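If you read the protein sequences in the order shown, they are chains A and B.
Position in the first sequence counted from 1, then plus 4, gives you our numbering.
Position in the second sequence counted from 1, then plus 15, gives you our numbering.
By construction, these hints were calculated from the structure, which means they are not laboratory data.
Nothing false has been slipped in among the hints.
Each pair of labels, with its calculated beta carbon distance range:
1) A:Gln103 - B:Lys126: 17 to 25 angstroms
2) B:Ser48 - A:Arg75: 22 to 30 angstroms
3) B:Lys42 - A:Gly64: 37 to 45 angstroms
Just so we're clear, the structure is a prediction, and the values are computed from it rather than from any experiment.
Note that beta-carbon positions come from the ideal geometry of N, C-alpha and C, so glycine has one too.
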Amino acid sequence: MSRLDDALREALRTQDPGPEFTARVLTAAAGARGKQSWWQLPRLRWATAAALACVLLAGGSLEYRREQEERQGRLAKQQLVLALRIAGSKLNLARDRIQRLNAGD
Amino acid sequence: MKYALVLFFAIGPLLAQDVKLPAGIDKLAGKASEVVDVSLDGAMLRLAGRFLSNHDPDEAKVKNIVNGLKGIYVKSFEFEKEGEYAPSDLEEIRRQLRAPGWSRMVGVISKKGGENTEIYMKLDDDHVGGLVILAAEPKELTVVNIVGNISLDDLSSLGGHFGIPDVETGKENKKP
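So here's chain A without its partners, still in its complex pose (with noise of 0.2 angstroms):
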C-alpha cells in the first residue's frame, strides 16, 4: 500500500514547467489575441466608415455633375434646334424673296 501511495505521490508531483513553457503559453496568448475580427479594431473601424463615406461623397458629386451636364445638354439641344430652325427660316425667306423677284421678271 504504501508502495502505491509512493507510485502516486511520486507521479502527482507538482512540477515547474519551466520558462520555456510559460513563454510558449504567451506566445500562444498574443497570437489568439492578433486574429480578433478587424472590426473589432477602433482603428479600422473608424477608418473604413471614412473610406465608406468618401465613397458615398465621391459617388453623390458625380452623380450631380453627371445631373448638371445631363440638364445643360438638353438645354443646349434645344437652343440649337431653335438655332437652326430660325437660320432655317431666313433662308426661306430670302428664297421666297428671290423667287418673287424672279417670277415678276
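Use these hints to put chain B onto chain A, whose structure you have.
Positioned in the frame of chain A, the structure of chain B alone reads:
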C-alpha cells in the same frame, strides 16, 4: 435674278467665318417685345451633340451637321412697333463682313416693304468657314452667325425636321 439664286446655292456648300456680334446690338433687347438669344460655342455644341440620338434619323442628321460647326450665335428681336432699330445697328457687322474672304451671296433689299435679307459666306481654303444671315424687317431684326463648315444643302436637309422650315436649294428634292 435667276442666276443669283443658282449662284447662291451652287457656291453655298463651298463657303466659312468668325464674325463677332457687336455688343451694341444687345441694347435693342430693352426695346424689343421678344428676344431670342442663342449662343452656343464649340463646347456647348459638342455637349448638345451628345444628346442627339444616332438612332433617330433626324437627330443623326443634325448631329452630323453640328460636328462640323464651331459655334452658332443667334440674336433675334421682335418689336411692338416699327422704327425701334436703326439700319446702322447692323453696320458694325457689315463692316466685319467686308473683310477678305467674305462674300455676300444674297442681298434682297425691299425699299417698299422695308424687308432686307442678306446672306454672307466665308470661304476657308476650299470649304465653308461660316454663314451670316442679316434679316431686317420693320418690326423684326435677326442676326444669325454660324461658325464652321456648313452648307446650305446641310441646312436645307433639315427642312421639316424639328419644325425647321424646308429650304429649297434649287436642287432636286431627294426626299420621297
